[in-house]
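*Asks:* Could you put the whole structure together from the sequences, leaning on the hints where they help?
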Amino acid sequence: MARKVPPMSPLAQEEKAHRFCGMAAGTRRVGISEFARGKSWRSLLDETGCVEVTDRSETVGLLLTPDYADDVSAYIAQLEAELEQAYVRTLFDMRRDYSEPMGGAALAAAALAEFDAREDKIREFLDGGE
140 MARKVPPMSP LAQEEKAHRF CGMAAGTRRV GISEFARGKS WRSLLDETGC VEVTDRSETV
200 GLLLTPDYAD DVSAYIAQLE AELEQAYVRT LFDMRRDYSE PMGGAALAAA ALAEFDARED
260 KIREFLDGGE
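Sequential numbering of the sequence shown, starting at 140, is according to the numbering used here.
If you're looking for bench data, these hints aren't it; they were derived computationally from the structure. This one's a predicted model, so the numbers in the text were calculated from it and none came from an experiment.
Quick list of simulated restraints, FRET-style, between CB atoms:
#1 PRO240 / ARG158: 38 to 48 angstroms
#2 ALA256 / GLU154: 58 to 68 angstroms
#3 ARG235 / ASP185: 46 to 56 angstroms
#4 ALA216 / LEU183: 20 to 30 angstroms
#5 SER172 / VAL227: 48 to 58 angstroms
#6 ALA245 / ALA151: 49 to 59 angstroms
#7 ASP232 / VAL199: 40 to 50 angstroms
#8 ALA213 / GLU239: 36 to 46 angstroms
Keeping only pairs whose Cα atoms sit at most 20 angstroms apart, straight-line, the calculated SDA-like set for lysine to any residue is:
#9 LYS178 / THR193
#10 LYS178 / ARG195
#11 LYS260 / ALA250
#12 LYS178 / GLY200
#13 LYS178 / ARG168
#14 LYS178 / THR204
All residues carry an ideal CB built from backbone N, CA and C; glycine is no exception.
*Replies:* So, in structure tokens, the structure goes:
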């Protein structure tokens, strides 16, 4: 079940996403052995929202608070929506260069002009090539 998350400013979302993306090389690390020794790692997680979990010198995963994960997911969804809008806008701009939509008298005049321009080909088709 998804939790209700209060709206967050785009700048704060972007900052969290950038911090999350940099976690693999980040300095906020918790070793697996620290989990067994106590709960001091929780204060680091509460402070940062995201920590890298290591075993010796290898990264084994990232640990996120639910709020942090929700914020990063919301930011990704926002970026995907912006990308889709930009893509659709680009498609419409490209199509506009190919043809301008017409209607009414302008469309009728353009259709008649096409018939006039291709009258010989149309007549040939209608007459069966004679």
